[in-house]
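Participant: Single-letter residue listing:
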Amino acid sequence: MYISTNWLGRHVDLTGVDLDALAKRFTLAVAELEGVHHVGAELDEHVVVGHVLEVHAIEGKHVRVTQVDTGAHGVRTIICGAPNVAVGQDVVVALPGARFGDFEIAVATVAGVESHGMIASEKELGIGDEHAAGILVLTDAPAPGTRFSEAYPVVDTLFEVDNKSLTHRPDLWGHRGIAREVAALLGRELKAQDLDITYTDDRPLTIRVDDLAACPRYSAVCLDGVHTAPSPLWLRLLLQRVGTRAINNLVDATNFVMLDLGNPLHAFDRRQIAGDAIVVRRAAAGERFTTLDGAEHEVGPDDLLIADAERGVALAGVMGGENSEIKDDTTAMVLEAANFDAATIRVTAQRLGIRTESSARFEKSLDPHLVGDASRAFCRLVLDLCPEARVTSAFMDVAAPYAEPTHIRLPVSLVERRLGAALGAARIREILTGLAFAVSEPEPGIFDVVVPSWRATKDIGIKEDLIEEVGRIHGYDNITPEPPQVKLIRPDANARKRFEHAARAYLTQSAGLDELQTYSFDFEPLLSRIGYAPEARLELANPISAEMPAMRRSLVPALLGAAEKNTRGFDELRFFEIGRVFHPREGELAAQPVMLGGLVAALDGDGTAATFFELRDALAGLAKAIDRAPLTVRGGGVSWPWAHPVRQATLSLGDTVIGHIAEVHPAVATKLELRQQAAIFELDLDAWRQSAPTPPSYRPLPRFPSVFRDFAVLVGRDVPAGDVQAAIAAASPDRIADVAFQSIYTGAGVPEGEKSLAWSVTLRHPERTLAEPEVREVEAAVWASLAERVGGRPRA
Amino acid sequence: MLDQLDAVLDEARAALAGVADEAQLRDQEVHFLGKKGALTALMKGMRNVAPADRPLVGQRVNEVRAEITSAIEARRSELEAARIAALCDDPDFDATLPLAGPPRTRSVGALHPLTQVTRHIEDVFRAMGFHLLDYPEVETEFQNFDSLNIPATHPARDMQDTFWLKNGNLLRTHTSTGQVRAMRELGPPFRAIFPGRVFRYEAVDASHEHTFHQCEGLMVDRHVSVANLIHSMKTLLSNIFERDVTVRLRPGYFPFVEPGFELDIQCQVCGGKGCAVCKQSGWVELLPCGLVHPNVLRHGGLDPDEWEGWAFGLGLSRLVMMKYQIEDIRHLLGGDLRFLSQFRQG
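Chains as they are written, first to last, in this note's numbering: chain A, 1 to 796; chain B, 1001 to 1346.
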């Protein structure tokens, strides 16, 4: 929204004010300015009002030679090409030296005649309709020679206000409201308005409001003897500067008052108001209504209509109707000034997709008291613009009872304490009074503050709101920063975050995986490529796209998607993600466990499950890094559609499965066009975190020597090596210090259906040297344990 | 001619049966159907066929071509199935088999830049006695809006701004959802931050994402003033940026704080003189903050006459982009290793 400082000057004296400095203060105290624009500077010098004395044709040319009185600048000969130039006109003359953009006016010879200036068009002045033909003819010009910029508000400084920063300030949607803030900032007075209107009762209307909740106030005034004509230049200029196109005097007057006072108005052609009646009612279901932009809408009981005795004539607060708008031949009109409920207007504007200057304002909860001023301001302006116009009705006004004035009890000490600034009662009172709050002090140190009606609709209701008012006008920059005085507390580092960070640190620093983050939504095309149809998911009511309709239940699809995306660029892929997945639950908030998923992919060298084992061992290392028991790896048990049917395992804590690990199924890898062999895992990191911590424990360093023994164990081919290892370790826990894998062998010398596993076992006792007999005893125990637990026997 | 065609078909069937892999299959495809293939060679004999027989022979040629083509495709699926089956076959696979020898050392991986920045912020706040909290991403309407004094008619509740779930819950639109949870969980006085992922219903482009990261900060104590807030923010931001920063507060409207502010920091690029980054203003809008609204304190079970607080919401994604001068927010969740691998350290 643009605010013209010339316009502000109608409400507060800005003489001598540095407008750029004011703009900065405004940003810090009121609302963000997105820009400050100085316009019309080129019209300041060398552009004057002129009076056309003579116009003569030049033989064979389309231009004409004129004599123009420019007061102190003399009577000048000026060549003019405009068809509308005529004797007796007041015009705008650009004297030599005037600049319009890159173009400078100079004395020049045109068609054999020396021309001493230029009669300007609206387009050349940059102040009006681009398409207006011919020169600008002034209707209310001062004496010839008067500087154009002195007579009209052409040189202006515009504040471009960020509308979003005004959503909570219904009072700032017009120049007068802004001027009130400026006056408070400058410590100047807001000028009083002269809104005296003499009403008659010649041709009244009736007003009926069916829904006072949706329309808390409706007023109408009738005027006869109006006529449509272009508005005077000052009015067109002000409108144009703030980005509103001038149409005709009556429409311009409604726009001017809206932009001035903030209350939208609507003008009806009285000929079209049937039965001399205005009815404010809800639309009937299926009712059709054509707005003045020619669009037809289906409206219904959610929408408020302004109707006459027969039909709708305006969509309340949003847009007028085509059937009753002001026409070129309008001579009698009805002016609506009303207040509508914000939510009602918002619903209609949004559903029908019509956002107007009017609806934008009503959506902010305007002050019903504003209606009377807006109506009177319009009448004053129209009576000026159309001298033969007269008011032919009373000020007809239907309103719900006004809200009682809001009183707020405000301790002075609270203001000072919350702001952290000793302002003193006098200064606080001064600031509030400057913003039109009524302040009294019924008991010492306690203010009773009455909120002006235009701030009471939703903006100001509690003492904290007043503290903000005082703070912003005082200036937050004037508050000295002060460290908070707080109790020393023991910061509790969130166990989950700390745990997650430890996992991240290990996976990046030691396992060499990159961390990535992906969307929390499933991506359906990817799911179908990998053949995954998840069970019950948390579904979105308004997904951003049909391809992302629900929350993920697993991190894996996105990890596979990342592999697909990166497979061409890298021979090896290593990455992981830590993030929440979502499981719907009946009657309570979805379960949102934090999962850890990872993928390792490498070009397939030897046909072994190398990536599977790399990931598996990374998880074993991770367990140490995060002080948790290692996960038990058991082959099989994975139902993922993307899992290799054989190269897969479950990951368990005790008997509880908390995750899975598998090579990517070759068919899925083919579908994703992966160049690499990939393995993937996913586990419930929350579950692992909640298991018992296993911090490093100290054991005294061995004082007695170790003995090493190798075992070559024949077992069935389907016996897991992990079981064999466990069988050895369990044979004599206090004497077997370590069981290290050496090799696996099948082939000559190993019976069909069996395999040979070679282990290097470290034997040691904490309290004595193991002598040969005891070593043999342990050996025997190992073989006994192997025979009993896994059917193992020595390889001959 | 017809005999020759049948012969070619038989020959093709026999050859395909003997094909062992895709490369051989392609050779046979060329051999029988290629431009210089057996079938094309036969076609050249068409001119010797009696005109009356030509339609019949022509039809047969097409049939043979179709049969060879489908035989090739059938063989191709067989081969693919066999290839997959072979890849799936690993009778000796033992998920528990230890790897012999020392593990290979790997080059270091990258922490996601969001993690790096978040960790830094967590360290800064923990050093100043803040709790580090973590709250759900799927939330109730109450927690996301009502508990934060956002009225039922507020535009933020529209479908245009918020991801709603079919069950009536929603994806949190800000980390502020944790404010009331933290008050109830910790009890006053306390100070805490809660970083996390948030969601807005928004079309994605270089500077907008529907999924991004924020860090909420909240301090509740007996006396908390605007002067304290400014001091805290200045200290925190100086720690985050690892240099002294100048901040200023502007009025900003957020229903859950009163007074509410937009906090700007003096432009780190030009030092406040004005440049393209700060749009010549010398200031960069960094975070919204304010004193906690009494209604929010009430929802947190606290008496607003007894307890006061300040809160802020820091845009982590924005901060990451500022820190590394990342031009496109979509990189953050895009999963492109060319992006992520640039953040490897050590």
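Keep in mind the hints are simulated off the structure, nothing from the lab.
Hints are supplied without guarantee of correctness; some may be wrong.
Heads up, incomplete: computed chain A residues facing chain B, CB under 10 Å, no partners named [unchecked claim]: (1) Leu166; (2) Tyr402; (3) Ala558.
Distance condition first, Cα-Cα at most 20 Å in a straight line; then the derived DMTMM-like pairs of lysine to aspartate or glutamate [unchecked claim]: (4) A/Lys497 with B/Glu1078; (5) B/Lys1166 with A/Glu114; (6) A/Lys61 with A/Asp102.
No residue lacks a Cβ here, since even glycine has one placed at the ideal position from N, Cα and C.
Participant: Does each hint fit the structure? Answer for all of them.
Facilitator: Status of the hints after comparison with the structure:
The beta carbon of A/Leu166 is positioned within 10 Å of a beta carbon in chain B (closest approach about 9 Å), and the interface hint is therefore held. For A/Tyr402, the interface hint is violated, since its Cβ never comes within 10 Å of a Cβ in chain B; the closest pair sits about 21 Å apart. Taking 10 Å as the C-beta contact cut-off toward chain B, the hint placing A/Ala558 at the interface holds, the least distance being around 7 Å. For the proposed pair A/Lys497 and B/Glu1078, the alpha carbon gap of about 51 Å is over 20 Å, so the pair is violated.
Taken as a hint, the B/Lys1166 and A/Glu114 pair is broken in the structure, with Cα atoms around 79 Å apart against an allowance of 20 Å. For the hint linking A/Lys61 to A/Asp102, the alpha-carbon distance of about 27 Å lies beyond 20 Å, and the restraint is violated.
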